[in-house]
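If you're matching them up, the sequences are chains A and B in order.
The first sequence lines up with residues 20 to 415 when you count with the working numbering.
The second sequence lines up with residues 193 to 711 when you count with the working numbering.
Mixed in with the good hints there might be a few duds.
Claimed, not checked - To spell it out: a stretch of chain A is covered by chain B in this simulated footprint if at least three of its residues, at any positions, have a beta carbon under 8 Å from a beta carbon of chain B; those stretches are:
# : segment
1 : 114-122
2 : 314-322
Claimed, not checked - Using C-beta positions, here's what the derived DEER-type ranges look like:
# : chain 1 : residue 1 : chain 2 : residue 2 : range
3 : A       : Arg195    : B       : Gln658    : 45 to 55 Å
4 : B       : Gln545    : A       : Ser289    : 24 to 34 Å
5 : B       : Ala488    : A       : Arg195    : 26 to 36 Å
6 : B       : Lys321    : A       : Ser289    : 39 to 49 Å
7 : B       : Arg524    : A       : Arg195    : 29 to 39 Å
8 : B       : Gln537    : A       : Asp242    : 54 to 64 Å
Unchecked claim - With a cut-off of at most 25 Å between alpha-carbon atoms, the simulated PhoX-like pairs for lysine-lysine come out as follows:
#  : chain 1 : residue 1 : chain 2 : residue 2
9  : B       : Lys317    : B       : Lys368
10 : A       : Lys188    : B       : Lys574
11 : A       : Lys263    : A       : Lys252
12 : B       : Lys368    : A       : Lys117
13 : B       : Lys321    : A       : Lys252
14 : B       : Lys574    : A       : Lys252
None of these hints come from the bench; they were simulated from the model.
Even glycine gets a Cβ: it sits at the ideal position worked out from N, Cα and C.
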Amino acid sequence: MQRRNALNALAGLTALSLTTTTRLLAAPALKSRLLIVFLRGGYDACSLLVPVSSSFYYAMRPDISIARPSSDLASALPLSADWGLHPALRDSLYPYFKNGELAFVPFAGTHDLSRSHFETQDSIEMGQALEGHKTYASGFMNRLTTVLTGSTPMAFTVQLPLVFQGNAKVPNSALRSLAKPSVDARQSSIIASMYQGTAMGAQVSEGFSVRDEVMREMATEMDAASRKASSAKGFELEARRIAKLMKDSYSLGFVDVGGWDTHVNQGAASGYLANRLDELGVGLAAFAQEMGAAWRDTTVVVMSEFGRTFRQNGNRGTDHGHGSVFWVMGGSVQGNQIAGDQVRVEQATLFQNRDFPVLNEYRAVLGGLFQRQYALSSSQIDTVFPGAKPRDLGLL
Amino acid sequence: MSHSAIQATPVLRLASLLLVGALAGCAAPMDAGVSASAHASTEAYTQANRITWGATPATVERLQAAGLRAYVAAQLHPGDAAGLPAEVQAQIDAMTIVQRPLVDLVQDMEQRRKEAEANIDDEAKKTAKQAYQAEMNRLAREAAARHLLRALYSPHQVQEEMTWFWLNHFSVHQAKNNLRAMVGDYEETAIRAHALGKFRDLLGAVVQHPAMLRYLDNEQNAVGRINENFARELMELHTLGVDAGYTQHDVQELARVLTGVGVRLGSNNPGLRKELQAFHVRRGLFEFNPARHDFAAKELLGRPIRSRGLAELDEALDRLARSPATARFICRKLLSYWLTDEPPQPLLQAMVQTFERSDGDIAKTLEVLFTSPEFSRTEQQKFKDPIRFVVSAVRLAYDEKPVLNVGPMLNWINRMGEPLYGRATPDGYSLQSAAWASPGQLSTRFEVAKAIGSGSAGLFRTEGAQAQERAAFPQLANALYYQSIVKTLGPATLNALRQSASPQEWNTFLLSSPEMMRR
């Protein structure tokens, strides 16, 4: 990457001029930014986007439903006649919905029916048709990178996820915990020289440049932390760090958040799942705020491999289901809407008398969204989601 | 800034090589001429790297003295003696998880938890809860420390590697419930005891261990309140593999077989109707509670289940363990752990055949692999995952001089995303090279290489109030290096080593080299 080589050269200059110069150079060639947040474990979408007009919902979830909107703080927040929002998001994301920067797509997901976390995650991350030939180790975000000239991808994860694997070289850097590197510039270049011309050469030098870039971006935060001025933790801290990097340097991002596989005692308005949603909501709001002016060119999509059983199980939890709810958030998003095809929530409309159906197939939904965001041609969309028919849900 | 440093190296280089030689106490091999056994030694080094957690001077010597076949035979039938150095055995013997049986330990911790909750005073409650959490963390850390000590120093290396392998195959996550008090026993009694035995015995032990039953929610699974989590993973991850043709119906039926299979902490037994009493089974924390079991007829993989009660589970496990899909799934995974991402089909076939003919004998299946021509090929194939990278580097750096504190190793492994008992999802860590070779992974790995290469990195400093520290410099430029390792290094690596400005840097570069990333 030319840009980073230039940055490396600059790193050798005095620290004095570095900050401003770096910022200028590092401004992404592509203004538009996209962050995918993947909730691993299959989050319980019915607890996030509550079907408040469905008495069937309340009958099937005697212990874990969220009450219809009322003055009670533990009740759902009103979104539309049919839907309410989990009250854990009252202060964080509800304002974004009302301000028109957050929308939800219910009955979203994949037609893959294995109900296996791992197989379904892999299948979604690959983003390829379920039938026919598959190219393994090729994810849809990687293919999106290849069709977007000037895009700068980054996985904010410990390992490179399948969604970003493929022909384009994509770096990764986990931001959950950061440590100051001890391998110095000279040592780095000698180590890199051992890998030059090998299959791993690009990963090694990319690893060093990303490390340097992250450290430059995080310098202020780390100073603040050493003065104990920073209080953010958990996903909020991670989200703020992601925003710092995406604002200045990376236009395509991916991060995953675990802990959604709530088979037992998931709670309702409060409890385990409510805490997870709260942490996620606070983090996403922090991300939006940290993006500053760049927020208006930014889209965040929150998704998960599948939804959970519509009925609560024997342990006040839910098991692996089918249809999920995607979140779409951003400065230019047509928010304040529940988008896509919908059906009344009752026993007759359940898939296999068990789960939310999938009416908004994820490749069509994301394809349509990307097409709007990046003005992609149909052949470009076909590269990202081969064989899919993109649907514009009016989200952008 | 780097320019002047490079200029300075030639002067420093000589000094550093002398220093390295002196520190390693092995200046002689450099110019003593290539000994007659040098070729064999390089081969033994390659084999040792592949069979053990990482070659050391001592293991290469042993392997060479015994010959590959005899060495493999001994590794596959390790016997009962631990064979650890006394100093290491003493560290393990001092652990709570070793001194206290699981039932006592878990009941004790449960008592502490209840007492903490019962505090009326908020401050006292908070303090008691924190102490409880700290003790739970300490117990899990003991188990992880024991795992690393054995990986480093056990003479039964294959048994220890297979312990990691099966622990990963039957992965549990310590963060759930009170699993931190259980993972040590799970590893010791369910996994390690059967790591080289029959797959069916291993499976049976895992399925009845409270750690697994709790982790995959089966203790919640009861007639009329079905929880299918364990049933699904048992087929998908533990036996048949995901594309083996079982259906959602099979998942539901197996979940019904598993109803009533759970955990009981207290010493009391449930009150049962007379006709159910004979079905009740209690072994330590394990319980089969017939009152929670679905006794109605069941069918699994197209055939009826004929037994009743807990025997249904044995019948189901027999069927799963002996399915051809399981043989294939397990052998493919073994190959991918030990040798290469892309298993050669003929070797896979041979292993599957042995697995099936020997009724899932793990040692016999591995013998096919270890004595295959593919296994002794010199070109490196398998990329080391983080735990192997760390263990092999420490083994090579300190050979048989036991570390006093594996804490730094645990931290490195955590930082690289592969903590023991720390995989959040039940699928275990990836065995594929690509999972661990991303840019971020590699730059962290070099940080670890530098930490190990630069000095003792805290490995020789005990923890606690009266911390003791022993001087220990990594001995990487040792006889093994000059006899064998150097011959496996490419020109780029040798060139990098020549640029080192100190023994610490020399170590760092060696441990960071592409040749040290694979085995």
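Quick rundown of the hints versus the structure:
1. 114-122: Result for this restraint: violated, n = 0.
2. 314-322: With 0 residues in contact (Cβ-Cβ under 8 Å with chain B), the coverage given for the segment 314-322 of chain A is violated.
3. Arg195(A) with Gln658(B): 45 to 55 Å: violated (34 Å)
4. Gln545(B) with Ser289(A): 24 to 34 Å: violated (56 Å)
5. Ala488(B) with Arg195(A): 26 to 36 Å: violated (47 Å)
6. Lys321(B) with Ser289(A): 39 to 49 Å: violated (19 Å)
7. Arg524(B) with Arg195(A): 29 to 39 Å: Since Arg524(B) and Arg195(A) have Cβ atoms about 32 Å apart, the given range 29 to 39 Å holds.
8. Gln537(B) with Asp242(A): 54 to 64 Å: This hint holds: roughly 57 Å between Cβ atoms.
9. Lys317(B) with Lys368(B): The given pair, whose Cα atoms are some 21 Å apart, holds under the 25 Å limit.
10. Lys188(A) with Lys574(B): holds (22 Å)
11. Lys263(A) with Lys252(A): The hint holds at about 15 Å.
12. Lys368(B) with Lys117(A): Roughly 37 Å separates the two Cα atoms, so the pair is violated.
13. Lys321(B) with Lys252(A): holds (22 Å)
14. Lys574(B) with Lys252(A): It is violated: about 37 Å lies between the C-alpha atoms, which goes past 25 Å.
Hint compliance for this structure: hints 1, 2, 3, 4, 5, 6, 12, 14 are not met, and every other hint is.
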